[in-house]
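Peer 1: Sequences listed follow chains S and R, in order. Here the first sequence is numbered in the numbering used here, starting from 1 and rising by one per residue. Here the second sequence is numbered in the numbering used here, starting from 1 and rising by one per residue.
Treat each hint with caution, since some may be false.
Said to hold, decoys possible - The calculated DSS-like cross-link candidates involving lysine-lysine, where the alpha carbons are at most 30 Å apart (straight line), are:
1) R:K297 with R:K86
2) R:K162 with R:K86
3) S:K362 with S:K326
4) R:K111 with R:K162
5) S:K326 with S:K91
6) S:K362 with S:K240
7) R:K208 with R:K297
8) S:K501 with S:K185
9) S:K121 with R:K240
10) S:K297 with S:K240
11) R:K162 with S:K297
12) S:K326 with S:K240
13) R:K208 with R:K111
14) S:K501 with S:K121
15) R:K13 with S:K3
16) S:K2 with R:K162
17) S:K185 with S:K167
18) R:K240 with S:K326
19) S:K326 with R:K162
20) S:K121 with S:K280
21) R:K162 with S:K240
22) S:K91 with S:K121
23) R:K111 with R:K86
24) S:K6 with R:K13
As the list claims (entries may be wrong) - Residues of chain S clear of chain R, computed beta-carbon distances all greater than 12 Å:
25) S89
26) G277
27) L463
28) S557
Said to hold, decoys possible - Now the stretches of chain R that chain S is said to cover, found in silico as 3 or more residues with beta-carbon under 8 Å:
29) 47 to 57
30) 69 to 83
31) 129 to 139
32) 148 to 158
Quick caveat, the hints were computed from the structure, so don't treat them as lab data. Where is the CB? At the ideal position from N, CA and C, for every residue including glycine.
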Amino acid sequence: MKKQLKLVALLLVVMMLVALMAGCNNNDNQESSSEPSSAVDSGDDLEGDDSNQDGDADGALTEITLPIVDETVTLKYWVIQSASNLGSSMKDYGDSEAYIELENRTNVHIEWINPVAGTEKESFNLLFSSGDMPDIIATAAPTYMYSAGPEAAVQDGYFLDVTELAKQYAPNYMALINSSEQLTKDTVTDNGIRWGFTSIYQEPRLGNWGPAIRQDFLDAVGMDMPITYDDWYEVLTAFKNELGIEAPLYIDNEGLSLYSDWLAGFGVGKAFYQVDGTVKYGPVEDGFGEYIETMSKWYAEGLIDQSFSIREPMGMPSDDMVLNDKIGAAALFATWCGNEYYPSRGAVNPDFMLVGASLPVKNEGDVTHLRAPDEWTRDTVTVVSATSEYPEIAVQWIDYQFSEEGAFLMSYGVREGESYVIDADGTPAFGPLVLNNPDGLTQSEARTLYTSFTPLHEDYNRLMKARSEVQLGAMYTWTQETSLNDWQLPLSLTMTADENKQYAVIMGDITTYVQETVVNMIMGTASVTFDEFRSQLDNMGIQDAIAIYQQAMDRYSQR
Amino acid sequence: MVMTKSKRKFNFKQNAAVYVMLIPVLAYYIIFHYAPMGGLVMAFQNYRPNLGLLGSDWVGLDNFSRFFSSIYFGRLLRNTLLISVKDILVSFPAAIIFALLLNEVRSKYFKKTVQTISYLPYFISMVVICGLVMDFTEAGGAISNVVAALGGPSDGLISNPKYFQSVFIGSNVWQNLGYSSIIYLSALSAIDQEQYESARMDGAGRFKQTIYITLPALATTITVMLLLRMGHLMTVNYQKVILLYSPATYETADVISSYVYRIGLLGQDYSYAASVDFFNSVINLSILCVANWASRKYSETSLW
Chain S
1 MKKQLKLVAL LLVVMMLVAL MAGCNNNDNQ ESSSEPSSAV DSGDDLEGDD
51 SNQDGDADGA LTEITLPIVD ETVTLKYWVI QSASNLGSSM KDYGDSEAYI
101 ELENRTNVHI EWINPVAGTE KESFNLLFSS GDMPDIIATA APTYMYSAGP
151 EAAVQDGYFL DVTELAKQYA PNYMALINSS EQLTKDTVTD NGIRWGFTSI
201 YQEPRLGNWG PAIRQDFLDA VGMDMPITYD DWYEVLTAFK NELGIEAPLY
251 IDNEGLSLYS DWLAGFGVGK AFYQVDGTVK YGPVEDGFGE YIETMSKWYA
301 EGLIDQSFSI REPMGMPSDD MVLNDKIGAA ALFATWCGNE YYPSRGAVNP
351 DFMLVGASLP VKNEGDVTHL RAPDEWTRDT VTVVSATSEY PEIAVQWIDY
401 QFSEEGAFLM SYGVREGESY VIDADGTPAF GPLVLNNPDG LTQSEARTLY
451 TSFTPLHEDY NRLMKARSEV QLGAMYTWTQ ETSLNDWQLP LSLTMTADEN
501 KQYAVIMGDI TTYVQETVVN MIMGTASVTF DEFRSQLDNM GIQDAIAIYQ
551 QAMDRYSQR
Chain R
1 MVMTKSKRKF NFKQNAAVYV MLIPVLAYYI IFHYAPMGGL VMAFQNYRPN
51 LGLLGSDWVG LDNFSRFFSS IYFGRLLRNT LLISVKDILV SFPAAIIFAL
101 LLNEVRSKYF KKTVQTISYL PYFISMVVIC GLVMDFTEAG GAISNVVAAL
151 GGPSDGLISN PKYFQSVFIG SNVWQNLGYS SIIYLSALSA IDQEQYESAR
201 MDGAGRFKQT IYITLPALAT TITVMLLLRM GHLMTVNYQK VILLYSPATY
251 ETADVISSYV YRIGLLGQDY SYAASVDFFN SVINLSILCV ANWASRKYSE
301 TSLW
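Just need the whole structure built from these sequences, with the hints factored in.
Peer 2: Encoded structure:
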């Protein structure tokens, strides 16, 4: 009996140890990327036999010849791949047909690194402190960026300075950059350092975020589309009193919205913006006080979501709130508009119809100056690590996606007639595999599986063509003549490392203060008046922060 | 756990198994707690990961003065201490009383069932618990409605700074009550029943029995548990705070560690985070030392 017990005990211990090991996830496969391919000389030999490229006399390529390398090279690529886009059929982008074909053509194998959902920021930060940087990283300022800024990241030896490399190995990208003064300016730092490859749409695209309102609710109360704040007040009151809507207006958890949609009418933005080159900060302006006054009145009367302060930080309402008729109006992406929520997404109301509304203004005909931006460049910048063993390969691989065939592949996939079709006017569009997937995939999932979800050089028309009338209508409403975006700060504004440090120190506490005071003022529980709030911000040094931005702005204007 | 003055012999042969079991524990503490202490020097530098600890510039007490001159310093310290102290005042006696009550129960079956049910919540993940708590205490949630019916605020508890600490501590009690009482129950079971017999013969009622027999027998356990609990005074389970707070409740919910998380870690400001945490630990240690000294002086029990 004792022997048996001993055996059982031993077995249990072994089982526990095995279970312990199961948790060890061997993510970094160092072997594959550090295996030096004999044919690849990753040193500074530009012309040698490391790739079979044609080039100019000085070694610069005029085009990317395929395959990029003779022997397969593996590069590690850190990029956020949302689980909802991957769906249940894909483990990572490596299962996407577009990327598989890309690998076949270029002979570059990608090892995808996808941070765990909810810890993206931490995972990004770890890249810098762990000493193990992937070859390619998808950055997106200001969230997914080195705290001291891109220039410091290059100087500190994290990001590779690709200014010269791009001229040698990225013909397509450089041709694109040099074709426009704006692009030339926006893709380098103030000192002319190129620190990565900015994702660029093939054509500038319209802003696709703005206020949206339930048309069916409007019809039910017999009112027109609201234009002024007073209109909105009446409409929201009717929603509450006549229809019993729980949250007539949905705002984000800071009491604002992603692109200052509800503030623009008062002539202010929610953070930093510029008026004709002079930088301003919204919360210290008079218009902000008017905004607070309006919002607190609406909140007190129950016109605003009573639990807005505990909602998710992204600023979009949860599906549950939208589907169950709990929301009358909110600021959203264009793709939410229309009546697709019923029945396919599970809305309960057969009359569900969400339409775009113009940003509210004080008086009809007023011009607003801030909204979701039209974009030609995106905030995504693809960066090569300074410690990568194959920088030239990485640059070429990235550049291929800016070439005509490469960009087409990533936007449309490989299956003519299925993942894409050629329209009567000769332009491509999504095919039935993406638009009406027979396996039940949503459009986003199908997009991810057959094409690239966000190509580096995307043909945005593919998305525009897939949009319904209502969605396009919303985008046109939001970008109409009286709704400008000329007060937005340039996306590629950069600060020096010292400015960054000083800015971080000042804004650390100010951000907290603004967040909580705005929320409390709207909810009516603040212990300060708006004027006290403003002078407190001055005491905390907001004018210095504005001055820092002003310096960056001045440098940008002189580029 | 009581410290006596007698020396124990290091009898390796006889106790070999025990010493071997001790090795992983020692290794854990050395590797994860003692060795990284060298990294505290980060608090006095402007740390940049690429320069490392030896290469980053020295800034002395700059990070500390930045923290002390923050307008939130007083509030953070206040919240941290308030939440911790209130938590001790509520959860600690609750666990003891629960153990005492459970001990009185005659039916073994009922006792075991109650015990099992009471410590099940401890094993639920904190994130799940916080999700539940937020659902129940937001405007229109089940608990909010009950409180509103009894005359409380009508727009929810979780976004109301006045109620945040109550919600936090209340959910703590619910989650930890059963588990914390286990050690007291085991101490109670070790009490000699004869003492009760003789007390009853002397005419002592139930309540007197509790005061004169049960509590003194538990005194050592209670003191040690309290001292251990004091060791966490400043860390105050900040992960739960982060999961439950929002800008509306920063006033009473923001504690030192959650502030550091926001400003220091999300902002890649490692030096600042290190300095604030250093300050946190120093205060924690001093409180623990004082408590231990007081305990040694006024009772014979202490941790060291």
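Peer 1: Please go over all the hints and tell whether each is borne out by the structure.
Peer 2: How the hints compare with the structure:
| no. | hint | verdict |
| --- | --- | --- |
| 1 | R:K297 with R:K86 | holds (25 Å) |
| 2 | R:K162 with R:K86 | holds (14 Å) |
| 3 | S:K362 with S:K326 | holds (27 Å) |
| 4 | R:K111 with R:K162 | violated (37 Å) |
| 5 | S:K326 with S:K91 | violated (35 Å) |
| 6 | S:K362 with S:K240 | holds (22 Å) |
| 7 | R:K208 with R:K297 | holds (27 Å) |
| 8 | S:K501 with S:K185 | holds (24 Å) |
| 9 | S:K121 with R:K240 | holds (19 Å) |
| 10 | S:K297 with S:K240 | holds (14 Å) |
| 11 | R:K162 with S:K297 | holds (22 Å) |
| 12 | S:K326 with S:K240 | holds (10 Å) |
| 13 | R:K208 with R:K111 | holds (23 Å) |
| 14 | S:K501 with S:K121 | holds (19 Å) |
| 15 | R:K13 with S:K3 | holds (23 Å) |
| 16 | S:K2 with R:K162 | violated (61 Å) |
| 17 | S:K185 with S:K167 | holds (16 Å) |
| 18 | R:K240 with S:K326 | holds (29 Å) |
| 19 | S:K326 with R:K162 | holds (28 Å) |
| 20 | S:K121 with S:K280 | holds (28 Å) |
| 21 | R:K162 with S:K240 | holds (28 Å) |
| 22 | S:K91 with S:K121 | holds (21 Å) |
| 23 | R:K111 with R:K86 | holds (29 Å) |
| 24 | S:K6 with R:K13 | holds (21 Å) |
| 25 | S89 | holds (27 Å) |
| 26 | G277 | holds (28 Å) |
| 27 | L463 | holds (31 Å) |
| 28 | S557 | holds (28 Å) |
| 29 | 47 to 57 | holds (count 4) |
| 30 | 69 to 83 | holds (count 3) |
| 31 | 129 to 139 | holds (count 3) |
| 32 | 148 to 158 | holds (count 3) |
Going through the hint list in order, the structure does not satisfy hints 4, 5, 16.
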